[in-house]
Amino acid sequence: MSRAFTPKVVTANALIEGDVVYLTDDDRWTRDHAEAELIEDEAHAQIRLLKAEQQRNVVVGPYLADARRGAKGPEPVHFREGFRTRGPSNYPHGKQEAGHV
Amino acid sequence: MYEYSDFDEAFVRRRNAQFRAQVERRIDGSLTEDEFRPLRLMNGLYLQLHAYMLRVAIPYGTLSSRKMRQLALIAERWDKGYGHFTTRQNIQFNWPKLTDVPEILDALADVEMHAIQTSGNTIRNVTADHFAGAAADEIEDPRPTAELIRQWSTDHPEFQFLPRKFKIGVTGSPHDRAVIKSHDIGLRIVRGSGGQTGYEVLVGGGLGRTPMVAQVIRPFLKKADLLPYLEAIVSTYNLMGRRDNKYKARIKITVFENGMEKFRDAVESRFEEVKREFTGFDPEVIAKIEHSFTPPAFRTAPEDGYETARKADPVFRAWTDTNLTAHRAPGYAIVTISLKAHGATPGDASAAQMRLMADLADRYGHGELRISHEQNVVLPHVHKSDLWALHAALKSEGLATANIGLVSDIIACPGMDYCALATARSIPIAQQIATHFKAIGLEEDIGALKIKISGCINACGHHHVGHIGILGLDRAGVENYQITLGGDHTENLTLGERAGPGFAYDEVVPAIERLLRAYLALRDDMSETFLDAYRRLGAEPFKAALYPAEAARDAA
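From first to last, the protein sequence lines stand for chains H and D.
Those letters in the first sequence? Residues 0 to 100, per numbering that gives the first Met the number 0, in order.
Those letters in the second sequence? Residues 0 to 555, per numbering that gives the first Met the number 0, in order.
Heads up, a few of these hints could be off.
Computed, partial: chain H to chain D, Cβ under 7 Å [to be verified]:
1) Ile15
2) Gln53
3) Gln54
4) Arg55
5) Tyr62
6) Glu80
7) Pro87
Bear in mind the hints are in silico, worked out from the structure with no lab data behind them.
The C-beta atom is built at its ideal place from N, Cα and C for all residues, glycine as well.
Chain D extracted, bound-state conformation (with noise of 0.2 Å):
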């Protein structure tokens, strides 16, 4: 795991001790709330409905076990005792007061974590593949290029006020779990005719009012040239994008109004100027970055009682079968812990879950933790013989639910129970759907499904990309949810087309369980998915279990 360099620590702390004196600055009354907002904006903190909420960035999404349990501690002693993990790899703690804050920052600093960035026009927290370096179908560990952007984009002068924020994701792998084409540069690691590494750079994706999915500007971009020609993006962008009107800020609008090709030029051209200037790229310091994501020495060891186990328990079995996915490493399985039980607020963790989650990942998985965008956790690296073990001490903590990409493993953002932008709720549709699809037992029958849950238009729950994208809205002082079908997150990014007129609070749950049941009526056989079974009819049918009555007066 990347440590940080003398230069690091002393910059954060330094930032953090500023933030101290602007707090109080703020508090003696010499700041006004005005000259304060961007200040405290610029160091991740909000001030929502109820409370103040800090966001802590979790770069690439990657824990150390001793960061884990420093946030527990910070639940503990400066919130209400848990953090809610976010659906762009971060943590928000939900009530911290003013004065806690500059406490907060510090215990953060001393396990190498800020929250600066996590806010404000500016590059925001860089997202990967929370299975990088663990993936079977992996190509390269995007980690290093994460980590590299992250030091690139810390306090860049030139992009601290930018036209809107900025969000940077990447994969090494084919198969996108890091949602790239939905950021506003994604990238993904490919091989070369020659059979080395590069990137192919995409750009202007997004959800939010308008979402679009991001364009290759260039299909292969040699490693050695990143940094300039991430440099050329943004500040193309920075001169293009336009300020007049925040909804038409974002790069996706910028490389739309102006279409990709002109775009493509002028970031071109500024590319060869960026590249004749740049400096920046030392060997030495990529191999240091990149020695600081070696793999953990992989055990070569039988799979001990791994099937036995298997056949003997069936809740055993059943987590094994939802929630491990293929590790490279013989032996080795990735496991993904659900922050998902039924009735859970997505993406929640209490401090002793932490702690739990901490201490499994040093005994089981050579210290390490990830956290999903799909916000759950995941143990990259454990291997096979341990994972009875590791299931039996998850249960203490209510964290063995076997449900990873079932109907109840639901984004969805904290909505108007927290968020000061929501228009409606979001995290009690996702508590009912869950619990009601487990009361009538039908998650298992209904198998792969991802719903996504927003609570305004800004999509942070991703809703246009849910197989079922629920998206809730204010309508004449009523929430009211819309329905959008066909949403893929993967490598097919593909935006769901929305169903109809919306739903009413209490009308939510029963249309989804009309919906579902008509998918397992029409679909041909068990192994055909929601979104396959969608494919392959169209929305028609799925339109007429949402709203029946319009269906049978059509019919008439």
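Here chain H stands alone, though its shape is the one from the complex (with noise of 0.2 Å):
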């Protein structure tokens, strides 16, 4: 039996400022985690992807990262993902700083 299928979201930087962004349900790029599309099904994570890739003058390097579902939205799991989500700790930079956290 295979495994079972860790939820996903579809992620990448933004082409013109570099920000992290995520994949919306309604294919907007949003820079808020919360507001991401939770993907819980493996079939449908490729095609989301594959959707995400054609998009290159958008966004660079889309890829699946594990989430799962929080009271507020998808969170990430790993702790990369977190920072990916805050920005940097040092300084109130990056998500902070525009609000988004």
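Could you fit the two chains together into a complex? Lean on the hints.
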């Protein structure tokens, strides 16, 4: 039996700003992890990733990152993805500054 | 200081124009990211965790006040008001927008700076002793050599696609402050039997996942043979180096797998060929480069009130005790400005700090600044009579911290706060160690100590050669920090030994405190440094301090 599929979000960096972005279920790119589409089906995840890869003039390097359902929406699982939702820990720059946290 | 020739100027401007067009084509969709990535990397532009990062070369760590002011302007206009000085004498801007990068590169070109070959499998920024031209122990200024290598290696058609990146470091002093033994090629200026200067050439050093100490390939190389010999080494590596496995592609592995004898034979036979064809040694060009590093006119003046001020002001005295190094000219000192205020990010400088350092360099330091691989800024030539005023002026921007060489003068890579390759954070660990030891008042008591922190195995933070090295890893989705002991970054380059299992993020500071309290209890007297004590006693008592539970169990 195959392993259970860990839910995913599609994430990338914005082409111009480099900001961390997430794909929503209505095909927008959001800076807020909680707004991302939580993908719970493996085949659907591949389709969504293909969709992201086609938008090569909007985002760079899209990939699937593990996520889980949270009170306000999807939450990151790994600490690296957690940092990507917030920005660096030494200054209130990045996401903290832009008010996405 | 070296000034661009018309050729340099035209070359940099042309590259900038090319890159501007490449950015436009990326944005309009004519270039894919796969096509664009190598082009942006050739111009120092990375995509990191939260944003793009532009890495700008500071050749051999030397800046004029004018260049420093331009870095401040770039930080303010296109970034978030600060820059990060790195362990390879570069500056990194952490927040540029892709569309602004061509403007930034033009602003750099206005002050004879660029970001070319700060990435990619090319010969990178050539680094040198940050006390070059000032150190009391120096045989010869290494910067004319480094500048010659910069000119030779920039856009060298044969060496744009090496098996892997390639780093060259140069020192002109017997005391190595440029960590040349951790470079792909290390050059040490030495005096030959006839009194003439030449190079001891070392090859195959490197940190990273397979750390190795460089070995001597040529004990003495004539100066006129430098470029053909370097050409022979790099072209031999270009053919012999592995391209099948990224992790075995550095020259250290080429030398290790083939053995020094075989590698040396291949280099020497290639050298014979290159030397015959080489027509590039032009004494006029060399003389011109050397002339541009002529030392400033040092003044002969009394050290007016320096000792009096030291006696009267304990804060000033503490700063002079830690932040000064012997200068070769009478009455002068080398000043290291700490970018490690307790709790600050190692190597970061705000635009205001950069401007102040540029102004003070003009006022007291012949307009010259250096960036050290230890992520501090150096004013290489300050007359002692100016030190009190300089110290007072540094305070206004929080730049008067008296901690050079102490526990809080930590090297830390950007780690997972910025870097896409990192496996854990480095900066907050450095911040916590610095503030903790200040709070418990042990910094002065502990004395000379090098803590070096890397946020991944690539070792940008030089953890292998720290007296205490800290390596951040990802262990099953949790940050975990390995501690190494006994490393040495000097001419006696030594790789530290791993002490044992890693520590969780919030266990690192307590572990370092146990280690250093053990050192204080074990040392012979105040003059025995941590490294001396470690060498005398071996690892065991320090391991026992790091792992008290294991030590107690073993004792039971």
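Going down the list of hints, with the structure as the test:
no., hint, in the structure
1, Ile15, "holds (5 Å)"
2, Gln53, "violated (11 Å)"
3, Gln54, "violated (11 Å)"
4, Arg55, "holds (6 Å)"
5, Tyr62, "violated (12 Å)"
6, Glu80, "violated (10 Å)"
7, Pro87, "holds (4 Å)"
Hint violations for this structure: numbers 2, 3, 5 and 6, all remaining hints satisfied.
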